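Colleague: Given only the sequences and the hints, what does the whole structure look like? Please build it.
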Amino acid sequence: MDIAVDITCLCRIRVLLVPVFPIKRSTFKKYVQLIQSLHTIRLGDVTPNLNDKFNSQVFPEGQLHFEFLTHVTNDHVELQDFQPCRRLFGVIGIMDCQEWKDLNEGYDQFMKMAQTIAAPVTRCFAFDPIENQADNAKGLIMIPNVGNMVFYMSTMMNDFANEVLAEFSVIANRIQSLEIIETPAFSQLSARSKYLQRRNSVSMTENLRKRTPGRIRKLLADFYLLAGQLPDAIHHFEQAIDMAKMTDDYLWLASAAEGRVCATILLEYVQMDAGHITSRARYESEEQNRDDVSTITFVSEQYRVAITNYAHIRLSAGLPSLVYAECCLRIARFLATCYLNLGWNEQTLSLLIQQKLWNTDPTEVWKRWPSVVGGVSRHSIGQWITKTWEANISEMAQLDQIHITMSMATLHKCIGYQRKAAWLMYDSVNRMIPFIMQHRRTRLLKGGIMHDTGIMNILKQVCETYGVGEALQKGEKPPSSNSIRGRTSAFKDQLVCGWPQLQVNILKQCINMSEILLDSQSQMYYTAILLKNFYQHISKPDQIRLATSIQTMVTSTTKKKASSDIMISYWGVNIVSSIEPKKPIARRALHTHIVQHDTFNQQAGERDFADPFIYNPFTHKKTTEHKVNLIKNELCEFKVVLFNPFGFDLELRSIVLSTSGVAFQGIPSAISIPANTTTSILLAGIPEETGTLIVKGCKVQIVGFLEQEFLVELGNTAFSNNGIIKIKKCGLDAVKCKRTRDTSELSGESEQHIFHTFTVVDEQPLLKIKNTSLLHNAMMLYEGEMTHLTIEVENIGNTPVNYIKLSFTESSTIQSLPYNHESSPEEQYENELHTKGTHVFSWEHNPAEESFNPNEEVLLLPGETKTVTIKVYGKRDCCGGSIQIDYGYIQKDTVDTNVNFIYTRHLYLNILLTVYQHLEPSNWDILSLRHMTSLHDNDSTLEENGMKKVEESMKFVQLIANVEMKDKTRNDYCLIAIDVKNVWTTSFSVSFVISSDDDNNNSVFNISIQPGHTKRILLPFKRLFLSEEVCSRPIPSVDPNKQFIKSKISEEELYTCQQIFWYREELLSRIKCSWACHITGRTGILNIRPFVGLGLNQMAVLKKENIEFIINVKGDATQRKSRCLFDCKCNKPIEMNITIHNRLRYAIKLILRIQPVQSLSDSTKGYQLSDDILIEGTQQILLPEIPAHGGQVTHVFPIYFLSSGKFEILYHAEDVRTRKIYYDSEWAIFNAIESP
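Position 806 of the sequence shown, counting from 1, maps to 806 under full-length UniProt numbering, and the rest follow consecutively.
Mixed in with the good hints, there may be bad ones.
Here are the computed distance ranges between Cβ atoms for each label pair [what the hints assert, rightly or not]: (1) 350 x 170: 30 to 36 angstroms; (2) 26 x 144: 17 to 23 angstroms; (3) 920 x 1002: 22 to 28 angstroms; (4) 1002 x 1047: 34 to 40 angstroms; (5) 182 x 392: 22 to 28 angstroms; (6) 1145 x 1176: 31 to 37 angstroms; (7) 1200 x 1002: 45 to 51 angstroms; (8) 920 x 871: 22 to 28 angstroms; (9) 859 x 649: 53 to 59 angstroms; (10) 1079 x 1145: 52 to 58 angstroms.
Mimicking BS3-like on lysine-lysine, the simulated pairs with C-alpha atoms at most 25 angstroms apart in a straight line are [said to hold, decoys possible]: (11) 356 x 29; (12) 138 x 112; (13) 1022 x 1103; (14) 981 x 1104; (15) 356 x 387; (16) 1165 x 1132; (17) 413 x 583; (18) 627 x 805.
Read the hints as simulated data drawn from the structure, not as lab findings. Note that the coordinates shown come from a computational prediction; the quantities given were computed from them, not determined experimentally. We put the CB at the ideal spot given by N, CA and C, even for glycine.
Modeller: Written out as structure tokens, the structure reads:
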């Protein structure tokens, strides 16, 4: 292995063991094991060389630690000058004398091989020489296979170690002679770093000169460490650390810190007190004992400092990712060794030297996985392992990536992080794929059995960790009876563990790797698991591909055994997954209604009324099951889902429902189930009796097999309630936990099986729509049009119909506008009235045809036909609707005393509506009527004001005049104006009917509007007065389930809004608008409601005054022209009567004031009229109290005109309590004429 992840790897002397061919593999391995057993040599046993720097007698207790390799790569040559432990210091050839006749040729072959390797120290050992074989090869050492070979080989290795120490001295002397030691040229250096190095080459040279002494000290310390002279190594490491700190040489500082930790551990191993050589007083006090915690803490702190220093270089100058990753793994492996061996002790120290994690399985730790052991926590180990990802592993060489990830996986597994270890092993296998593919393409190795087995073992461990291994398949229970039962939902839950998508990816990777390694058995095994347990999580193309591959693999070996072996294993799987009743078509579906007693309904109504909330989440929710009922002697169908888990098609010769209870005539069917496919089939049958039908499953006969019954259970109460022990486990503990009781506990318990149960009811009537008055179920209507639709229904069943109910739905109700809380109550009422208050369809009775009467009982015998008449209204924004006819047969003489079930069926008729707007009202207004005589005097002004026809104008004027002549003393009428435009291509006749409360005669106004024309329609309307109680009522709501929102306006504003609303409603209730098209014969209603808006000014014209003034004039020379216009003669006495009418709900006391004014010819007013008019009495009079609710008071003013002219009598009344002034809408006008 080219990477070094052990904390003591820095003291290893790397030596390559090479075979000198020809030699057998087993022979080479035997001698390799012999040499590897001599990996540690005591310095005291090595022949001393007093002239060398690394004299073995300076520290005879020290040891040389060799690492004998059988293969080596040059992937990290650039690091050899930085870390001498990566160098190859020797090559040892292994020759089998039995294979060679001339040993000189073998030795020459070894020397050529050694020259290519370029190792400084070489040895060639020839084992098992023949007796007559000449030992004439210079440099070849023959090892006889007699006596104690280990002792003999140890002597040879001591000489080899002596030569290695001599080579250390040569290299050390060369290092000391260097003036500049550069940092190795790392391949991962960024382009920016290389650019800065070239730019600052002069300054860098000076820095290198300053850092070179410290680097020399560090390299000498490395060689002292390799030579086993630990005190000198520690001394040089500390000097190197101090010098590197002064020059900010972070890379060499971190490496020196790692070397000092390694030397300290080795020094403790040889049990040598190094206090006089390396003082650790700066790290811990002399009084503190060096117990296990202090050693672990010291090593952890040193590596934390080293990682920090490496991070400086990694972020600035491009530290090689391998060095950083190895440092993290060394401290993680050190802590893991301490954790697994219960802290710092002799066994832990020995395992660190041997580069092992444990000698035997640490069962005590693995049983419990404690958080902290011997001062080391699992969390800290996991942190160091995770920190390895900071090294950018993806940028390393491919082999280094594999080694690093596998080392991380090993450490994770050692501390109990099984899923992290499994994921890292899975990632490592993914990184191995390019090498495996290259190996297969080049065919360099033909066997590769060991490598393939190792990879498959890794994949097996990954699968078991993620819950897809063989361990989970042991809990399946074979069938216990002749009938095949499916696994209940509770039993399925026991087998489910893990994340399915991740498990699918892992199994796919296992299949791909098995295919690459040509391991058909493993490929078949993983494919079978994927298809059997995770078919619902993979796509259909993958299922087909996997099913095809497994079928191809097993066809040649299992085709002949399909009649025996596969049959035995097949019956362990239920191919019937589920059975569900198929809902019948809409017109055959049966609906259940519950009729309850009146007392119960009354109590339920009281409970519902007591709850003020539209939706209360705390109330008891009724669970209603939509159960399918079957009908006697009618065909019923069931949807059966079949599943074929095998790699071949299943031919079902016969499949029929398996039932119990009432008699049932099943209809057999046949089907072919493709391999690894779920398919459905409709199985039909006819129940022959009423009662309860139990559907247990299916009876299936497969081609070549006997008929077998497959049961489908809804649940197993005994198993689900008593067989499961509810527990809580985290992570992989849930897989290991035993979730079910022992079979002995359940053997005495009876299992209760629950199957599908259905109720079979008596025969029900069946209707069909025989004919309608529509063409293609579509209608074209004008807006507001009223028409009728007829539906002819026929009873095609064997049972009469005595119950029919119609219900309707329309598009404007289903897809209504969203509710806007910010809109006013008036707008909300209009929207609700249009969407929910205006119905498109309604059921009517047509006596001319033989149709159903909604107000009478119905009876439709089998084979009879009757008609349903429906009224259709052309509603704006409605594009269609549906008519639902509920019908059934109710046996009234067999009603149960408690609950009666009524069964009905539905007929549906969908209608497409197209509603066009043909008349468009606009420009609504309310006008006041004054001085109607001006209309009589000059008719030409009517045409100038927009009346195109004088005849029509005169008729209208005469109508208004007639209305006014009824009572000229009151201002009871106003004028309603509205424009109606004909936007269609035919003429329409529009009729307005205005109703009145005072008389039974309604006013009718007819007008004809030509295509494209607009008519201005003027309608006289009697003014209204509504009491305060009526106006103070709240604005109603058509939707009772609407959310209540408190109004934010003041009470006065609210009252004003309510008053406007109710006056508008009263106005609209008295005006009926209709239209007719004489060409097509269509009639309808003209909806002016959306165009009628009532403002404050308009309401003031429409509403009668609370205080009304009535003017009368008495005298012989007076004549009334209109309500307030009079003609009189001069010098004649007249009396002016002012009657004040009180409509308020309380009595009022008023002050009446009058003021005469003369209108002059120059449009000015004259107020000094003492010479023109005489008025008896004062012009300000306190009137008596006027009673409420229609009380009135009359005051008389005698008047005498002295001169001719036009005089105006102005008047008003003031409330003495509130100071409110009441005015009349007009004032009295007198035309004084000279007497003849």
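Colleague: Look at each hint and say if it fits the structure.
Modeller: Hint check results:
1. Distance hint for residue 350 and residue 170: a CB-CB separation of about 33 angstroms, consistent with the stated range 30 to 36 angstroms.
2. Here the CB-CB span from residue 26 to residue 144 is close to 20 angstroms, well matched to the stated 17 to 23 angstroms.
3. The beta-carbon spacing between residue 920 and residue 1002, approximately 26 angstroms, falls within the hinted interval of 22 to 28 angstroms.
4. Checked against the hint of 34 to 40 angstroms, the C-beta distance between residue 1002 and residue 1047 comes to roughly 37 angstroms, which is consistent with it.
5. Under the hint 22 to 28 angstroms, the C-beta atoms of residue 182 and residue 392, about 23 angstroms apart, fit the expected range.
6. Judged by the Cβ atoms, the range 31 to 37 angstroms given for residue 1145 and residue 1176 holds: they are separated by roughly 35 angstroms.
7. Judged by the Cβ atoms, the range 45 to 51 angstroms given for residue 1200 and residue 1002 holds: they are separated by roughly 46 angstroms.
8. Taking 22 to 28 angstroms as the suggested C-beta distance range, the pair residue 920 and residue 871 conforms, at roughly 25 angstroms.
9. Evaluation of the 53 to 59 angstroms hint for residue 859 and residue 649 yields a pass: the beta carbon distance comes to about 56 angstroms.
10. Distance hint check for residue 1079 and residue 1145: the Cβ-Cβ separation is about 54 angstroms, which falls inside the suggested range of 52 to 58 angstroms.
11. Restraint check for residue 356 and residue 29: satisfied, since their Cα atoms lie roughly 21 angstroms apart, inside the 25 angstroms limit.
12. Between the alpha carbons of residue 138 and residue 112 the distance comes to roughly 15 angstroms, so the proposed pair stays at or under 25 angstroms and holds.
13. A C-alpha spacing of about 9 angstroms is found between residue 1022 and residue 1103, which places the hinted pair at or below 25 angstroms, so the restraint holds.
14. The hinted pair formed by residue 981 and residue 1104 fails the criterion: a straight-line CA distance of about 31 angstroms is larger than 25 angstroms.
15. A C-alpha spacing of about 22 angstroms is found between residue 356 and residue 387, which places the hinted pair at or below 25 angstroms, so the restraint holds.
16. Among the hinted pairs, residue 1165 with residue 1132 is consistent with the structure: their alpha-carbon atoms are about 23 angstroms apart, no more than 25 angstroms.
17. For the given pair, residue 413 sits about 55 angstroms from residue 583 by alpha-carbon distance, which is inconsistent with the 25 angstroms threshold.
18. Between residue 627 and residue 805 the CA atoms are separated by roughly 23 angstroms; this keeps the pair inside 25 angstroms, and the hint holds.
Of the numbered hints stated above, those contradicted by the structure are hints 14, 17, listed in ascending order.
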